[in-house]
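Following the hints, put chain B in place on chain A, whose structure we already have.
Listed below are the residues making up each chain.
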Amino acid sequence: MASEMPDGILAAIGGVPRPPTEVVIEASDVQKWFGRLHVLKGVSMTVQRQEVVVVIGASGSGKTTFIRCVNHLEKIQAGRIFVNGHLIGYREVNGKLVEDRESNIARQRQEIGMVFQRFNLFPHKTALENITEAPLRVRKMPAAEANEMGRALLARVGLAAKTDVYPWQLSGGQQQRVAIARALAMKPALMLFDEPTSALDPEMIGEVLEVMKELAHEGMTMIVVTHEMGFAREVADRVLMMEDGQIIEEGSPEHFFTNPHHERTKSFLSKIL
Amino acid sequence: MGGGVTLAVVQFDPAVFWHYLLEPSSVYLQGLLMTFALAVAGQTLGATLGLVTALARLSRAGPLRAVARLYTWVMRGTPLLVQIVFVYTALAAVGIFRFQDFRIGPLIVAGNVQAAIVALSLNEGAYMAEIIRAGILSVDPGQTEAAKSLGMTYGQTMRRIVLPQAARFVIPPLGNEFNSMLKNTSLVSVIGVGELLLTTNTIVSATFRTFELYLVVATYYLLLTTAWGVVQGRIEQHFGKSTSMPGGRTFVQRLFGLRRSVEAGIPSDRR
Numbered sequence: 001m002a003s004e005m006p007d008g009i010l011a012a013i014g015g016v017p018r019p020p021t022e023v024v025i026e027a028s029d030v031q032k033w034f035g036r037l038h039v040l041k042g043v044s045m046t047v048q049r050q051e052v053v054v055v056i057g058a059s060g061s062g063k064t065t066f067i068r069c070v071n072h073l074e075k076i077q078a079g080r081i082f083v084n085g086h087l088i089g090y091r092e093v094n095g096k097l098v099e100d101r102e103s104n105i106a107r108q109r110q111e112i113g114m115v116f117q118r119f120n121l122f123p124h125k126t127a128l129e130n131i132t133e134a135p136l137r138v139r140k141m142p143a144a145e146a147n148e149m150g151r152a153l154l155a156r157v158g159l160a161a162k163t164d165v166y167p168w169q170l171s172g173g174q175q176q177r178v179a180i181a182r183a184l185a186m187k188p189a190l191m192l193f194d195e196p197t198s199a200l201d202p203e204m205i206g207e208v209l210e211v212m213k214e215l216a217h218e219g220m221t222m223i224v225v226t227h228e229m230g231f232a233r234e235v236a237d238r239v240l241m242m243e244d245g246q247i248i249e250e251g252s253p254e255h256f257f258t259n260p261h262h263e264r265t266k267s268f269l270s271k272i273l
Numbered sequence: 001m002g003g004g005v006t007l008a009v010v011q012f013d014p015a016v017f018w019h020y021l022l023e024p025s026s027v028y029l030q031g032l033l034m035t036f037a038l039a040v041a042g043q044t045l046g047a048t049l050g051l052v053t054a055l056a057r058l059s060r061a062g063p064l065r066a067v068a069r070l071y072t073w074v075m076r077g078t079p080l081l082v083q084i085v086f087v088y089t090a091l092a093a094v095g096i097f098r099f100q101d102f103r104i105g106p107l108i109v110a111g112n113v114q115a116a117i118v119a120l121s122l123n124e125g126a127y128m129a130e131i132i133r134a135g136i137l138s139v140d141p142g143q144t145e146a147a148k149s150l151g152m153t154y155g156q157t158m159r160r161i162v163l164p165q166a167a168r169f170v171i172p173p174l175g176n177e178f179n180s181m182l183k184n185t186s187l188v189s190v191i192g193v194g195e196l197l198l199t200t201n202t203i204v205s206a207t208f209r210t211f212e213l214y215l216v217v218a219t220y221y222l223l224l225t226t227a228w229g230v231v232q233g234r235i236e237q238h239f240g241k242s243t244s245m246p247g248g249r250t251f252v253q254r255l256f257g258l259r260r261s262v263e264a265g266i267p268s269d270r271r
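Chains A and B supply the protein sequences, listed in that same order. Under our numbering, the very last position in the first sequence is 273; numbers go up by exactly one each time. Under our numbering, the very last position in the second sequence is 271; numbers go up by exactly one each time.
One chain only, chain A, in its complex shape (with noise of 0.2 Å):
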């Protein structure tokens, strides 16, 4: 649908990146361990084509190392992550999993749009040379194409007169915002996004909501580590809780607001609410 507009935030790297597969994320499975600490105990679930799932959970429940295990940003010990139908991170020998080689792995995080909590900007480099960075030298786009691109995708994300400043000159919702049209440049099929508002002063949190509510309407396929259950609730297709390394409940974001069956949900639920 996004094609068809012409202001949207996607236009501007051609319209909306379609996976090639239609479940984009199958995870099952998924066992990790830091040391002797048991992390992920069992994590299976599946993300379509242009779905938008948040999940929820207090810290240390695995959210975040979940999503960071998508673009094999942490190894995982047993189970597999599929992105578009190609195992991430490993190569299978005899059932079991080996690393896979490191050009192999880049390659496949092309496909995998990430932003952090902490922005993760390149100080180095100014807005639009953050943005285009990748696309030159990851994807060998020419420089006239990746510098319009870049500030097509500053415009979009309401930056168009930030090209040419550093991230310290930015406020943080800004500096995420350039994060985001960072990552949209690579034209991936999948943004994972972990806290992206966690670290932002309150005023500064619709701003960057703003853009990933666009994204999400746009037909962007999308994780979303959030305690924002207002986003949730406008944009989610499905949300997920996790606990202890685990997802122990599933639903519609309805079903969250109205009915939630676990306890600990109900109680997590109850102190961010």
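To be clear, the hints were calculated from the coordinates, so they are not data collected in a lab. Heads up, some of the hints might be wrong.
Pair ranges (Cβ atoms, derived) [claimed, not checked]: (1) B:237 <-> A:145: 52 to 62 Å; (2) B:110 <-> A:87: 55 to 65 Å; (3) A:103 <-> B:63: 13 to 23 Å; (4) A:92 <-> B:104: 52 to 62 Å.
Idealized CB from N, CA, C, for every residue including glycine.
Below, chain B without anything else, positioned relative to chain A:
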């Protein structure tokens, strides 16, 4: 307190001192040039070797890490003077390697000069490795994660994202290393490289103006390091001067802001 008596036996001839200081012979100037060339070559190669070693130390490959550790351990644990003699004399004596003169265009690089550069670089590489490793570790790990998440390879991440940011931590100690390097070159006089100290020794043995000439050579080293100190100060001042700009951001971010904007011709304070 008997000062007059002591002075009476000191045979210091100021005229000789000033003569050699202000009107150095061409031999002496060649020695000065050699000292400077050795320092620049040793520092450049040492920094390169240090970068490679630092990356090896931070590598995920165990054997690579072990080799890098062994190298820095040996180089930092033995005297530079011993290393110089070892590289030039000991290796040749046992028949492992003998440095031969070779020609680059019109320039003939003597075997002992090559050995001097090799020894100075090897030694410096170990110290630079520690400095660069610390610099890389000072960069927020979130930078690497962001680069990886965009599909950048290890090489791209290092070259484009991590090393430019590590540079800000490396530049000040690098300046101090070059100061040490300028002085350490005097050690290669033991293998007959005609740098400042050996040149002085030669002139001393011909003129017996021991005190005056060693005072001259000390003054020359002092002038060299002082001149470098001024340059180093300028470099750091240049990168640090924007610290008072509005925004109250770190020296680094400005450092790169300034540098990039100078390249691009864009005012860095544009908002």
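Going through the hints against the structure:
A hinted range of 52 to 62 Å for the beta carbons of residue 237 of chain B and residue 145 of chain A is inconsistent with their spacing of about 40 Å. Here the CB-CB span from residue 110 of chain B to residue 87 of chain A is close to 59 Å, well matched to the stated 55 to 65 Å. One distance hint, 13 to 23 Å for the beta-carbon pair residue 103 of chain A and residue 63 of chain B, holds here, with the actual separation near 21 Å. Range check, residue 92 of chain A to residue 104 of chain B: about 54 Å between beta-carbon atoms, so the 52 to 62 Å window is met.
Comparing the model with each numbered hint stated earlier shows that hint 1 is the single one that does not hold.
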